[in-house]
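Colleague: Now for the letters of each chain:
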Amino acid sequence: MTFSVRLEHDELDPERELRELISNSSGVGAVVSFLGIARPQGDRGMIEALVLEHHPVLTEPSMAAIAQEALKRFEVRHVHIAHRCGTIAPEKPIVFAGAAAEHRRAAFQAADYLMDRLKTDAIFWKREDGPAGPGWIEPTDADYAARERWDG
Amino acid sequence: MKVIFYGKLAESISRQVEFDRPTACTVAEMRVELDRAFPGAGLANTRVRACVAGTIVSDDTMLRPDQVVEILAPVSGG
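Chains A and B, in that order, are what the protein sequence lines are. Offset between the first sequence (1-based) and the numbering used here: plus 2. Offset between the second sequence (1-based) and the numbering used here: plus 9.
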């Protein structure tokens with residue numbers, strides 16, 4: 003069981019990430035991936051840019067800890083996370099999270115788990131910039147509830 | 010003690026402030042005093058965490074006056 007994580011400072015290429023996930027997953031029967039994309043509209047209107055602040059020391063280990071926990075919880079062979087930081091234009095990729103497994107259910111569950119944890123536990127701070135001014139985005143109660151369902 | 014803020018706390022307070030305290034204190038005590046100094050900034054939020062030397066620390070951790078403490082606003086990736 004292996005994992006790979008990358009904090010991406012430049013544009014994230016989903017096809018490259020998927021290739022990397024597949025290339026680390028020989029012999030599996032299922033690969034599931036999720037791609038998060040910056041929205042052009044938010045609750046406060048048009049979004050001109052999404053800014054993801056990160057911590058110079060803590061961010062990458064927080065991603066690795068989430069990937070390692072997914073490997074422990076699910077019957078998966080490989081987990082891959084690539085996460086943007088910096089300024090992201092609307093409709094550009096923010097995050098790629100994927101899992102490869104012998105069977106599909108474990109891969110789906112692991113990918114779902116990765117995203118719930120990244121939303122609430124990965125060390126990033128998210129801000130939407132637009133005509134309404136900057137607005138910091140924190141996890142919602144639904145995000146925390148989604149994360150806590152894995153604790154049961 | 011040097012205090013560095015991340016996320017919305019850096020915007021509402023400052024990226025860095027000097028927390029003038031001659032003696033050691035716990036993270037919790039520092040948070041209470043900072044919350045008094047910067048009311049409404051969100052420092053009382055239980056999801057705000059403290060970090061010393063690259064490690065997230067609990068509220069009962071003792072801090073020396075010569076240490077650098079990082080205060081992390083609630084995190085949100087994905």
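It should be emphasised that the hints constitute simulated quantities derived from the structure, not laboratory data. Please note that a few of the clues may not be correct.
Claimed, not checked - Per label pair, the in silico range of CB-to-CB distance:
id, chain 1, residue 1, chain 2, residue 2, range
1, B, D69, A, A147, 26 to 34 Å
2, A, K94, B, M71, 39 to 47 Å
3, B, G49, A, T142, 28 to 36 Å
4, B, P48, A, S25, 50 to 58 Å
5, A, E17, B, R30, 24 to 32 Å
Unchecked claim - Sample of chain A residues facing chain B (criterion: CB under 7 Å; computed from the structure):
id, residue
6, V59
7, A66
8, M117
9, K121
What the hints assert, rightly or not - Output of the computed footprint for chain A on chain B, the stretches with three or more beta carbons under 8 Å from beta carbons of chain A:
id, stretch
10, 57-66
11, 71-83
Just so it is clear, the structure is predicted and the values come from calculations on it, not from any experiment. Cβ coordinates follow ideal geometry from the N, Cα and C atoms, glycine included.
Colleague: The hint says 39 to 47 Å between K94/A and M71/B; measuring C-beta to C-beta, is that right?
Modeller: 44 Å, holds
Colleague: Taking the closest Cβ pair, is V59/A under 7 Å from chain B?
Modeller: The hint holds - V59/A has a Cβ within 7 Å of chain B, the shortest such distance being about 4 Å.
Colleague: Quick one, is the M117/A hint okay against chain B at 7 Å, beta carbons?
Modeller: The hint holds - M117/A has a Cβ within 7 Å of chain B, the shortest such distance being about 6 Å.
Colleague: Please verify that hint: A66/A, Cβ, nearest Cβ of chain B, below 7 Å or not.
Modeller: 13 Å, violated
Colleague: Does K121/A pass the interface check with chain B, least Cβ-Cβ distance below 7 Å?
Modeller: Result: holds, 4 Å to nearest chain B Cβ.
Colleague: Is 50 to 58 Å right for how far apart the beta carbons of P48/B and S25/A are?
Modeller: 53 Å, holds
Colleague: 28 to 36 Å was suggested as the range; check whether the CB atoms of G49/B and T142/A agree with it.
Modeller: Check failed, 21 Å falls outside 28 to 36 Å.
Colleague: Tell me whether the statement that chain A covers the stretch 57-66 of chain B is true, taking a Cβ distance below 8 Å and needing three residues at minimum.
Modeller: holds (count 3)
Colleague: Tell me if chain A covers the stretch 71-83 of chain B under the three-residue, 8 Å CB rule, please?
Modeller: Holds: 4 residues of the stretch 71-83 of chain B have a Cβ under 8 Å from chain A.
Colleague: Evaluate the given range 24 to 32 Å for the C-beta pair formed by E17/A and R30/B.
Modeller: Taking Cβ atoms as reference, E17/A and R30/B lie about 53 Å apart, which means the hint is violated.
Colleague: For D69/B and A147/A, compare the CB-CB distance with the range 26 to 34 Å and indicate the outcome.
Modeller: 28 Å, holds
Taken one by one, the earlier hints fail for this structure at numbers 3, 5 and 7, listed in ascending order.
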